[in-house]
Amino acid sequence: NAGVMQNPRHLVRRRGQEARLRCSPMKGHSHVYWYRQLPEEGLKFMVYLQKENIIDESGMPKERFSAEFPKEGPSILRIQQVVRGDSAAYFCASSPPSLAGNIQYFGAGTRLSVL
Amino acid sequence: AQKVTQAQTEISVVEKEDVTLDCVYETRDTTYYLFWYKQPPSGELVFLIRRNSFDEQNEISGRYSWNFQKSTSSFNFTITASQVVDSAVYFCALSEGLTGANSKLTFGKGITLSVRP
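Protein sequence lines correspond, in order, to chains A and B. Each residue of the first sequence is one higher than the last, beginning at 3 in our numbering. Each residue of the second sequence is one higher than the last, beginning at 120 in our numbering.
Pulled out of the complex, with its shape left as it was, chain B reads as follows (with noise of 0.2 Å):
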């Protein structure tokens, strides 16, 4: 059975600081997909980033970093300097096999982020 674990549910931050969201997963295969979504107040479910098993070369876009760990099975989020519209629920996601048939996304419980101007 798969498993997303984000421990933490809300987290404050005033602008401009760094913040690492945490998640942890659980799964018995060996090829499987990590994923991040945000979820804005609007309530819309925005894809951030897709990672295989086997590439663990974490990854940089714009202010968000991702930090994949095989060994600690985790997938943390690292938003630098952050801002207001960075505020929303931030969801990490498994989906685990080799074929289209095991496709559903198992979803952690979401990280609340609230970002003071």
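Pulled out of the complex, with its shape left as it was, chain A reads as follows (with noise of 0.2 Å):
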């Protein structure tokens, strides 16, 4: 029974590149959520996302950032022309079909190191 699965564990980009985060939800859950810890704070809400729609965007910022949730395969979290700001832990959570106050279950997250 596997849980939810982020890769890559670590990921290392130079200023300008792109960085591309996967997430594959928990058998059984169709929503998948992105948040981003940055040094010494809590959890930010990035987006939530259900199979080919987005539902929530508020916690992404305007430019470089993207995500998707396509009908077949991972979740993807896209962040073009990476900054050294970018650089923080990526965590990918999934629940079950909708229901309010569902727990969201997290994978182990991406770090990502911009240099």
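Please keep in mind that the hints were generated in silico from the structure rather than gathered at the bench. Please note that the accuracy of each hint is not assured.
Here are the simulated DMTMM-like pairs of lysine to aspartate or glutamate, each with C-alpha atoms no more than 20 Å apart in a straight line [what the hints assert, rightly or not]:
{"#": "1", "chain 1": "A", "residue 1": "Lys29", "chain 2": "B", "residue 2": "Glu145"}
{"#": "2", "chain 1": "A", "residue 1": "Lys53", "chain 2": "A", "residue 2": "Glu70"}
{"#": "3", "chain 1": "B", "residue 1": "Lys228", "chain 2": "A", "residue 2": "Glu20"}
{"#": "4", "chain 1": "B", "residue 1": "Lys228", "chain 2": "A", "residue 2": "Glu70"}
{"#": "5", "chain 1": "B", "residue 1": "Lys122", "chain 2": "B", "residue 2": "Glu145"}
{"#": "6", "chain 1": "B", "residue 1": "Lys157", "chain 2": "A", "residue 2": "Glu42"}
{"#": "7", "chain 1": "A", "residue 1": "Lys46", "chain 2": "B", "residue 2": "Glu145"}
{"#": "8", "chain 1": "B", "residue 1": "Lys122", "chain 2": "A", "residue 2": "Asp58"}
{"#": "9", "chain 1": "B", "residue 1": "Lys122", "chain 2": "A", "residue 2": "Glu43"}
What follows is a set of in silico ranges between Cβ atoms, one per label pair, in the way DEER data are often shown [to be verified]:
{"#": "10", "chain 1": "B", "residue 1": "Val132", "chain 2": "A", "residue 2": "Gln82", "range": "43 to 53 Å"}
{"#": "11", "chain 1": "A", "residue 1": "Ile56", "chain 2": "B", "residue 2": "Asp148", "range": "15 to 25 Å"}
{"#": "12", "chain 1": "B", "residue 1": "Ala200", "chain 2": "A", "residue 2": "Ile105", "range": "48 to 58 Å"}
Here are some chain A residues the structure puts well away from chain B; computed CB gaps all over 12 Å [what the hints assert, rightly or not]:
{"#": "13", "residue": "Arg17"}
{"#": "14", "residue": "Gly18"}
{"#": "15", "residue": "Arg22"}
{"#": "16", "residue": "Pro63"}
{"#": "17", "residue": "Lys64"}
{"#": "18", "residue": "Gly75"}
{"#": "19", "residue": "Gln82"}
{"#": "20", "residue": "Gln83"}
{"#": "21", "residue": "Val85"}
{"#": "22", "residue": "Gly87"}
{"#": "23", "residue": "Tyr107"}
{"#": "24", "residue": "Arg113"}
C-beta atoms are modelled at their ideal positions from N, C-alpha and C, and glycine is treated no differently.
Join the two chains into one complex using the hints; note that each chain is given alone, in its own frame.
Listed below in structure tokens is the structure:
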């Protein structure tokens, strides 16, 4: 019974490169959430997706960041032209189909370092 | 707007001591959900508990207990007879709303608990 799988665990990029973070939800879960954890801070919500649909992107930076959750395959968080300030841990969580207050189960995170 | 405050940033105790982690929340919704997560040194986030706003019963699970008080908007977490393996960052979180569309979690900044042998 695999949990939420995120890869890679660690990602190093130079300024200006693109970063692609992948998240496979738990089996049977159709909702995916992305959060960012900056050093010394809690997790901040970025985006909430269902298959082929963005439900809430109120936490996404306006530029360079995008997310998708296609019908087949993992959810992808894409950061274009990375800057040093993008260095953080990015966590993905998944939950079962829509009920308020669903427990979100988290992956182990992707630690992005921008040189 | 929703907000979660964990005023304690770091707590250090000796093994077998009891420790309480505080959490205060703000929300305008009458229906909401509260959570605690644990982040051990390995970095993953582990779900510990969920409570809804209509259920103020305290909960005990082994050495862990939770005290939910709507009157003070608090959802505190107590570890009894702490162990070294309890060393981690603990996050309190809140989600609002009646529909799945509002299920995003608002986290506090976390409390770093160190349990010394």
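Now the hints, each set against the structure:
1. Annotation: proposed proximity of A/Lys29 to B/Glu145 is violated, straight-line Cα distance about 33 Å (limit 20 Å).
2. A threshold of 20 Å between alpha carbons decides the hint, and for A/Lys53 with A/Glu70 the separation of about 8 Å falls inside it, so the pair holds.
3. Only pairs whose Cα atoms come within 20 Å are accepted, and B/Lys228 paired with A/Glu20 is rejected, the gap being roughly 28 Å.
4. With a C-alpha separation of about 27 Å, the suggested pair B/Lys228 and A/Glu70 falls outside the 20 Å cut-off, and the hint is violated.
5. The straight-line distance between the Cα atoms of B/Lys122 and B/Glu145 is roughly 5 Å, inside the 20 Å bound, and the hint therefore holds.
6. For the suggested pair B/Lys157 and A/Glu42, the alpha carbons sit about 15 Å apart, so the restraint of at most 20 Å is met.
7. Taken as a hint, the A/Lys46 and B/Glu145 pair is honoured in the structure, with Cα atoms around 16 Å apart against an allowance of 20 Å.
8. Of the supplied pair hints, the one linking B/Lys122 and A/Asp58 holds, its CA atoms being roughly 18 Å apart against a limit of 20 Å.
9. For the hint pairing B/Lys122 with A/Glu43, the CA-to-CA distance comes to about 14 Å; that is within 20 Å, so the pair holds.
10. Between B/Val132 and A/Gln82 the CB atoms are about 45 Å apart, so this pair conforms to the stated range of 43 to 53 Å.
11. For the hinted restraint 15 to 25 Å between A/Ile56 and B/Asp148, the CB-CB distance of approximately 23 Å keeps it satisfied.
12. A C-beta distance of roughly 27 Å is found between B/Ala200 and A/Ile105, which places it outside the suggested range of 48 to 58 Å.
13. For A/Arg17, the condition that its CB be more than 12 Å from all CB atoms of chain B holds, with the nearest at approximately 24 Å.
14. Distance check for A/Gly18 against chain B: the nearest CB is about 27 Å away, which clears 12 Å, and the non-interface claim stands.
15. Distance to chain B confirms A/Arg22 as a non-interface residue, since its nearest Cβ pair spans about 20 Å, more than 12 Å.
16. With 12 Å as the threshold on Cβ separation, the claim that A/Pro63 sits away from chain B holds: the shortest Cβ distance comes to roughly 16 Å.
17. Every Cβ of chain B is farther than 12 Å from the Cβ of A/Lys64; the closest lies at roughly 18 Å, confirming the non-interface assignment.
18. No Cβ of chain B approaches the Cβ of A/Gly75 within 12 Å, the least distance being about 22 Å, so the stated non-interface status holds.
19. Distance to chain B confirms A/Gln82 as a non-interface residue, since its nearest Cβ pair spans about 23 Å, more than 12 Å.
20. The beta carbon of A/Gln83 is kept farther than 12 Å from every beta carbon of chain B, the shortest such distance being approximately 26 Å.
21. At roughly 23 Å from the closest C-beta of chain B, the C-beta of A/Val85 stays outside 12 Å, upholding its exclusion from the interface.
22. With 12 Å as the threshold on Cβ separation, the claim that A/Gly87 sits away from chain B holds: the shortest Cβ distance comes to roughly 19 Å.
23. Here A/Tyr107 does not stay apart from chain B, with its beta-carbon only about 6 Å from theirs, under the 12 Å limit.
24. Not every beta carbon of chain B lies more than 12 Å from that of A/Arg113, the smallest distance being close to 8 Å; the non-interface claim is violated.
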